[in-house]
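2 protein chains.
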Amino acid sequence: MKLIDFGNTNAKIYHEGKITTIKVEEFDFSQKDFYYINVNESIKDKLKGINLEDKFTINSNYKGLGVDRKVLCYYINDGVIVDAGTAITVDVMRDGAHEGGFIYPGIASFYNLYKDISPLLKIQRDSSIKSFSLPQNTTQAIEFGIYYPLINGIKEISKDYKIYFCGGDGKELSNYFENATYIEDLIFKAMRKIVEENIC
Amino acid sequence: MKLIDFGNTNAKIYHEGKITTIKVEEFDFSQKDFYYINVNESIKDKLKGINLEDKFTINSNYKGLGVDRKVLCYYINDGVIVDAGTAITVDVMRDGAHEGGFIYPGIASFYNLYKDISPLLKIQRDSSIKSFSLPQNTTQAIEFGIYYPLINGIKEISKDYKIYFCGGDGKELSNYFENATYIEDLIFKAMRKIVEENIC
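First to last, the sequence lines map onto chains A and B. For the first sequence, counting from 1, position 54 maps to 106 in the working numbering; every step adds exactly one. For the second sequence, counting from 1, position 154 maps to 206 in the working numbering; every step adds exactly one.
Rather than coming from a laboratory, the hints here were simulated on the basis of the structure. Mixed in with the good hints, there may be bad ones.
Identical copies go unnamed one by one, so any copy, or any two together, can satisfy a pair.
[As the list claims (entries may be wrong)] Derived DSS-like pairs: lysine-lysine, alpha-carbon spacing no greater than 27 Å straight-line:
(1) Lys174 - Lys70
(2) Lys84 - Lys98
(3) Lys182 - Lys211
(4) Lys211 - Lys107
(5) Lys182 - Lys207
(6) Lys167 - Lys96
(7) Lys223 - Lys167
(8) Lys182 - Lys115
(9) Lys241 - Lys100
(10) Lys84 - Lys115
(11) Lys211 - Lys54
(12) Lys174 - Lys96
(13) Lys115 - Lys167
(14) Lys241 - Lys207
(15) Lys64 - Lys174
(16) Lys182 - Lys241
(17) Lys167 - Lys84
(18) Lys115 - Lys174
(19) Lys64 - Lys167
Please put together the full structure from these sequences, using the hints given.
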């Protein structure tokens, strides 16, 4: 089963247990034998595989939930789902129902934003675990600003729920939570479930 | 007493009980009779007034604290100071000592950042009080992302401290806190205190 997750820049492909990422423009659009989800308007008429978007529903009152978030919600019955990529989406599922969710800028875009506000606020990103004692210099003050409010916000809405992280920054962020799991291929696990329960 | 707070774009002038804001390039640099603070490197050699930066100190271990934050900390003995402008700075003072602080992007820059991440995430800013129940559409999801983590972050570090808000978005943000005061001219109150205690 070949599964593809088309974004605005990249296509993530799951095939025979391996995940590869290519630029969307490098994709061979003559291919037919795959299941996909797509958020990229510019290619939607060129895709010849099977679009999973219309093959499933979730229990939600949220208007305009992106298909990628919907797919993840389909897979998790109870818990908080954090997809940390270009944007960070946080969704809450309880008893199979989507209770709502919020959108936060991606970690990388934050670093750029500080730099744009003032050249004095340009710092290097590193992946060390931040301590969150009250900052005593500019680097700490910015790292605190990027991570601490987000982490507190997620903690506030997740309470005792299990938190499922995925996306490029999911692994790093999951380190700040006790009740967290990072699942690299969560989107593909979820897509596979949709295929198995709704198509096969 | 004329007091001027020079930023990178604007100069805020306090004179005879009134605050006016002008573009830095509109300032008459031949003037001499004023006290000022300045974060704008490009004009620092042209200013003929009295620079308050070297006239006072605060008790802090923070390396590289901006003069505007330092001035505010000089004025508040106990409490959290939130200056919400192009950037949002949050500083904690206890018993006259600066315990540290963090820097967050300004509210307006957040709205722009979402729009840059995806045109689907472009929403209009409005000044209504946000509810923070779990969002059920894109606008709510973004507003929640902008306000909720920041407000939670400030609450976490402020505990039972009084919170003093200033800056362009200070009034709006102060609405989300019970123990908050908005003081529009906080920076000038602080500058006046420095003049009175260290110069006159």
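Against the structure, the hints:
In the homo-oligomer, the alpha carbons of Lys174 and Lys70 never lie at most 27 Å apart, since the shortest distance is 37 Å inside one protomer and 35 Å across protomers. Taking the shortest alpha-carbon separations for Lys84 and Lys98, only the intra-copy value of 11 Å comes in at or below 27 Å, while the best inter-copy value is 68 Å. Taking identical chains as interchangeable, the C-alpha atoms of Lys182 and Lys211 lie at most 27 Å apart whether they share a chain (22 Å) or sit on different chains (21 Å). In this homomeric assembly, Lys211 and Lys107 never come within 27 Å of each other (Cα to Cα): the closest approach is 32 Å inside a single copy and 48 Å across copies.
Proximity of Lys182 and Lys207 under a CA criterion of 27 Å is satisfied in both settings, with 16 Å inside one chain copy and 19 Å between copies. Taking the closest pair of Cα atoms, Lys167 and Lys96 come within 27 Å of each other only across two copies (22 Å); inside a single copy the shortest separation is 35 Å, beyond that limit. Proximity of Lys223 and Lys167 under a CA criterion of 27 Å is satisfied in both settings, with 25 Å inside one chain copy and 26 Å between copies. Proximity of Lys182 to Lys115 under the C-alpha cut-off of 27 Å is restricted to the inter-copy arrangement: shortest distance 18 Å between copies versus 35 Å within a copy.
Taking CA atoms no more than 27 Å apart as the test, Lys241 paired with Lys100 passes inside one copy only; the shortest distance there is 22 Å, against 67 Å between copies. For a Cα distance limit of 27 Å, the shortest separation of Lys84 from Lys115 qualifies neither inside one copy, at 31 Å, nor across copies, at 59 Å. When the C-alpha separation of Lys211 and Lys54 is checked against a cutoff of 27 Å, the pair qualifies neither within a copy, at 36 Å, nor between copies, at 51 Å. In this assembly of identical chains, the alpha carbons of Lys174 and Lys96 lie at most 27 Å apart only when taken from different copies (21 Å versus 38 Å within one copy).
For the identical chains of this complex, Lys115 and Lys167 are inter-copy neighbours only, at 19 Å across copies versus 34 Å inside a copy, given an alpha-carbon limit of 27 Å. With identical chains, the CA atoms of Lys241 and Lys207 are at most 27 Å apart within one copy only, with a shortest distance of 25 Å there and 38 Å across copies. For the identical chains of this complex, Lys64 and Lys174 are inter-copy neighbours only, at 25 Å across copies versus 31 Å inside a copy, given an alpha-carbon limit of 27 Å. With identical chains, the CA atoms of Lys182 and Lys241 are never at most 27 Å apart, being 31 Å at best within one copy and 35 Å at best between copies.
Within a single copy, Lys167 and Lys84 get their C-alpha atoms no closer than 44 Å, and across copies no closer than 34 Å, so neither meets the 27 Å cut-off. In this assembly of identical chains, Lys115 and Lys174 lie within 27 Å of each other by CA distance solely across copies; the values are 15 Å between and 37 Å within a copy. With identical chains, the CA atoms of Lys64 and Lys167 are at most 27 Å apart between copies only, with a shortest distance of 24 Å across copies and 30 Å within one.
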